[in-house]
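Trainee: Given next are the chains, with one letter for each unit.
Number of protein chains: 2
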Amino acid sequence: MRRFVIGQAKNLIDQTRRHHKSLRLLSLLAASDSAPVLSSPRLFSSSSDMSGSGSDSSSSSLPVTLDSLNPKVLKCEYAVRGEIVNIAQKLQEDLKINKDAYPFDEIIYCNIGNPQSLGQQPITFFREVLALCSHTALLNESATHGLFSSDSIDRAWKILDQIPGKATGAYSHSQGIKGLRDAIAAGIEARDGFPADPNDIFMTDGASPGVHMMMQLLISSEKDGILCPIPQYPLYSASIALHGGSLVPYYLDEASGWGLEISELKKQLEDARSKGITVRALAVINPGNPTGQVLAEENQREIVDFCKKEGLVLLADEVYQENVYVPDKKFHSFKKVARSMGYGEKDICLVSFQSISKGYYGECGKRGGYMEVTGFTSDVRAQIYKLASVNLCSNISGQILASLVMSPPKPGDDSYDSYIAEKEGILSSLAKRAKTLEEALNKLEGVTCNRAEGAMYLFPCINLPQKAIAAAEAAKTAPDAFYCKRLLNATGIVVVPGSGFRQVPGTWHFRCTILPQEEKIPAIVNRLTEFHKNFMDEFRN
Amino acid sequence: MRRFVIGQAKNLIDQTRRHHKSLRLLSLLAASDSAPVLSSPRLFSSSSDMSGSGSDSSSSSLPVTLDSLNPKVLKCEYAVRGEIVNIAQKLQEDLKINKDAYPFDEIIYCNIGNPQSLGQQPITFFREVLALCSHTALLNESATHGLFSSDSIDRAWKILDQIPGKATGAYSHSQGIKGLRDAIAAGIEARDGFPADPNDIFMTDGASPGVHMMMQLLISSEKDGILCPIPQYPLYSASIALHGGSLVPYYLDEASGWGLEISELKKQLEDARSKGITVRALAVINPGNPTGQVLAEENQREIVDFCKKEGLVLLADEVYQENVYVPDKKFHSFKKVARSMGYGEKDICLVSFQSISKGYYGECGKRGGYMEVTGFTSDVRAQIYKLASVNLCSNISGQILASLVMSPPKPGDDSYDSYIAEKEGILSSLAKRAKTLEEALNKLEGVTCNRAEGAMYLFPCINLPQKAIAAAEAAKTAPDAFYCKRLLNATGIVVVPGSGFRQVPGTWHFRCTILPQEEKIPAIVNRLTEFHKNFMDEFRN
Chain A
1 MRRFVIGQAK NLIDQTRRHH KSLRLLSLLA ASDSAPVLSS PRLFSSSSDM
51 SGSGSDSSSS SLPVTLDSLN PKVLKCEYAV RGEIVNIAQK LQEDLKINKD
101 AYPFDEIIYC NIGNPQSLGQ QPITFFREVL ALCSHTALLN ESATHGLFSS
151 DSIDRAWKIL DQIPGKATGA YSHSQGIKGL RDAIAAGIEA RDGFPADPND
201 IFMTDGASPG VHMMMQLLIS SEKDGILCPI PQYPLYSASI ALHGGSLVPY
251 YLDEASGWGL EISELKKQLE DARSKGITVR ALAVINPGNP TGQVLAEENQ
301 REIVDFCKKE GLVLLADEVY QENVYVPDKK FHSFKKVARS MGYGEKDICL
351 VSFQSISKGY YGECGKRGGY MEVTGFTSDV RAQIYKLASV NLCSNISGQI
401 LASLVMSPPK PGDDSYDSYI AEKEGILSSL AKRAKTLEEA LNKLEGVTCN
451 RAEGAMYLFP CINLPQKAIA AAEAAKTAPD AFYCKRLLNA TGIVVVPGSG
501 FRQVPGTWHF RCTILPQEEK IPAIVNRLTE FHKNFMDEFR N
Chain B
1 MRRFVIGQAK NLIDQTRRHH KSLRLLSLLA ASDSAPVLSS PRLFSSSSDM
51 SGSGSDSSSS SLPVTLDSLN PKVLKCEYAV RGEIVNIAQK LQEDLKINKD
101 AYPFDEIIYC NIGNPQSLGQ QPITFFREVL ALCSHTALLN ESATHGLFSS
151 DSIDRAWKIL DQIPGKATGA YSHSQGIKGL RDAIAAGIEA RDGFPADPND
201 IFMTDGASPG VHMMMQLLIS SEKDGILCPI PQYPLYSASI ALHGGSLVPY
251 YLDEASGWGL EISELKKQLE DARSKGITVR ALAVINPGNP TGQVLAEENQ
301 REIVDFCKKE GLVLLADEVY QENVYVPDKK FHSFKKVARS MGYGEKDICL
351 VSFQSISKGY YGECGKRGGY MEVTGFTSDV RAQIYKLASV NLCSNISGQI
401 LASLVMSPPK PGDDSYDSYI AEKEGILSSL AKRAKTLEEA LNKLEGVTCN
451 RAEGAMYLFP CINLPQKAIA AAEAAKTAPD AFYCKRLLNA TGIVVVPGSG
501 FRQVPGTWHF RCTILPQEEK IPAIVNRLTE FHKNFMDEFR N
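Taken in order, these protein sequences are the chains called A and B.
Per this note's numbering, the first sequence starts with residue 1, numbered consecutively.
Per this note's numbering, the second sequence starts with residue 1, numbered consecutively.
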């Protein structure tokens, strides 16, 4: 990694001298190879700094070396919090001390779907209930009625009544508190119009641990494959790598708005089988991440039939189910689609992942979510239960929030009007931001960008000039990473290179969230547009 | 598992006819093998029911079968939430409906260190801060000052000021919020008298995910071994099994109060090496779980020297650091011991695990904790950081609580007196309960029990009569599991068989928490004593 930082710094020195203010960054990057010379001496001693000067590998006789680590860990990549984010964090630290040293005032994190970090406010009702459940003594104070909505107080009592001893500080059942799972199952039923069983719900600390659990269950060796969309959310490639399986790619068709073709699934499945890989599951992300498409119901039916016919578990990442921005598309859960086709418990193995981190709620830091596990035999489910038990239970605050997002205030409730206003304010603003950013991206030279029908991202394709590709090669970095680092350096905007999500070889993309607050979007568009023009002027063939 | 339930039911029918009320349990257990005949038809459809009637494995053509699962998952065992707890949960459900059907009124869960589930109240100051951080609008209301202590308000502001945008709903840095890690590092320094670096802290959802992360890092195959105490907390055996490594046992000496002998470590290390196993780490649980011993400082020095000499990572499970009940013992962190020996960053790889679930706080459901990682090279630490990043971050409520338990109110703070009263009330009561239960156990025929110097458990040795062992064999169950099931059946008390923790072959134990509220202890002692007498009368040779 040390080589990367040196190479990157030298590359930047060679190529961006005309940006006077960039020199600060260059010295900052170069300094990481020698003694820190900056005003912030700790800048490079963070453990997230891969070239850190803290405990130096060269001078150590310690027993643990890279060579001795689990090679699956070494193989794993997670670009959403990778190299560019590390650079951004250091820039942000240095910005505090050296305000005038950069051509921007702040770092804007568009690398990750983390709405509240960019100013989105939490839904008041959810936080009222959470506070009351955190400090239950409040419920016995009359002053509380002046501070909280009446339905938040009612809901807190209802939740506490479902917890043995009202103990929100106790480990729960390994799948989560039964009463909260009842609320989630009722919410799924209301959404789908088909029954949901609280015993099918496994509550998790966000969706990620659920995905890991299923990968751990299904993958024994590299002979076990999981069909994943390309581009994909890197949780999938990371968790398949950590569990030692094979990622079997299927390519989404960018030209048709990231279309998911059954013929492509078949082709890739057959190809994997011909290599001796047993494909265990198909992962589908709907709405798509990083691609933002919303699947048509007819397409979902074909996918269900494909899984049934081929004996695949359908892993349905449905964490963006509330994030649909276009009138011509609607979210349908795979469970609803399967049940509407007449397929029940004994026909198809289906796991649906949901998270409190996304939607209009965006409660990323609370780490809540669940997976609805249907179609598994009781002995297999007992193994899932055991895996859940080894980590005891997911956190109760996250469990409470997961129950709330699946059973929000209803018409007539004290909070209902303000809840709806907050929810619709967030979703309509996200739709506007998605549209504005998409249009701006499509105006850039050599850039095409599908619309974000849903989710929280745009994933534009950049037709990079040969000169830029050659410069990236010289800097030993992927061309889209080269572009993204230059973007960060010039604007403070953090995006993730398409190579972190995988993409059709020879194409280059980046993922950019639509999450900066609405009033900041025009400035972001201006900075992006100016940067892109300068970049193209520098590298145009 | 179906066979187990049938076998157990038949066994119980054969052997406990004279307990009239037990017949209810027998029919309940027997019913699980055919159509439910109980008043609660859902009793056996829970997914945690291994003989569930929900989706039946025999009638299925579903693609996922036990044979096709990851064998590491199948191999993993976690007795703390295993078979006996499943039976107890069903009994508890049935008790609600059939109050008079059992010889007890309630199920008392002594299987797991879950204090608040048994009535322990949370520390008020911690919950005040948590509520204010959950619903930050409260901080702007004047009525809040009448409801909260002034230092909880100050602390909430201080915490919010450390979170970018005061966004407690945002993903944090992968290691946890920097300001909270500062507070934890300061708490470690105050505890140890040696410096601690916030960049060494990785905040986790309880201690378990930290242990998993280290196992994932260190284990590549079954040729990688981890030295673990026997008896051990089953998180270790489970996570080593899940990551495909080898558990290298070292036996604690029950006769000397669960002494940890360096000669035993050496013997087992050499034995493992002779089998081609590369031993990567030594896990030490101090205070001990399930064994409750507190290591002497001199013993800890020997352990540190052993790890240094043999090139082992020292995995120090120090989650019970606040739970010491005897005046002649004191907790010393391994980091303090190592530093006091003059060993620094470059001398020894040391990971210390801490959790908010234990101590006097017992905030199990909040899932907070951290590991302090010292002595690893920067490139290895970058891999740990990557593993943390794949799950984004631990939950912020747990992070906040972890910072609070390491920096509680100080003399002069508004909450200080009530905080100290609550803390000391809990710890002194736990000491009393430990003593009472230990004395009661030592009075039982054929039972010897070391004192609980610390932690939350007693681990008595039961000298089971041959007739009982033969009956257990006939029932195809381990003798201590047989005893524990009979105990549950007769008293409603849930304990965990020693076989779930491993033990010297031919010895039998169970683990019982000291956590039931003080006023319940006499009744528990009576029930336990009466049961044991009846059991011995039935099986005495």
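Simulated from the structure, these hints should not be mistaken for laboratory data.
Keep in mind that this is a model prediction, so the values were computed, not measured.
Treat the hints with care, since some could be wrong.
In this list, chains with the same sequence are indistinguishable; a pair is considered to hold if it fits within one copy or across any two.
[To be verified] In silico DSS-like links for lysine-lysine, alpha-carbon gap of 27 Å or less:
#, residue 1, residue 2
1, 423, 346
2, 275, 476
3, 96, 435
4, 267, 443
5, 330, 99
6, 166, 432
7, 410, 266
8, 99, 223
9, 96, 308
10, 329, 75
11, 158, 99
12, 72, 223
13, 308, 275
14, 178, 99
15, 72, 275
16, 267, 178
17, 336, 275
18, 533, 267
19, 476, 330
20, 432, 275
21, 166, 96
22, 275, 520
23, 158, 476
24, 166, 423
25, 410, 336
26, 443, 72
27, 96, 432
28, 309, 266
Trainee: Can you name, in rising order, the numbers of the hints this structure does not satisfy?
Mentor: 1, 2, 3, 4, 5, 7, 8, 9, 10, 16, 17, 18, 19, 20, 22, 23, 26 and 27
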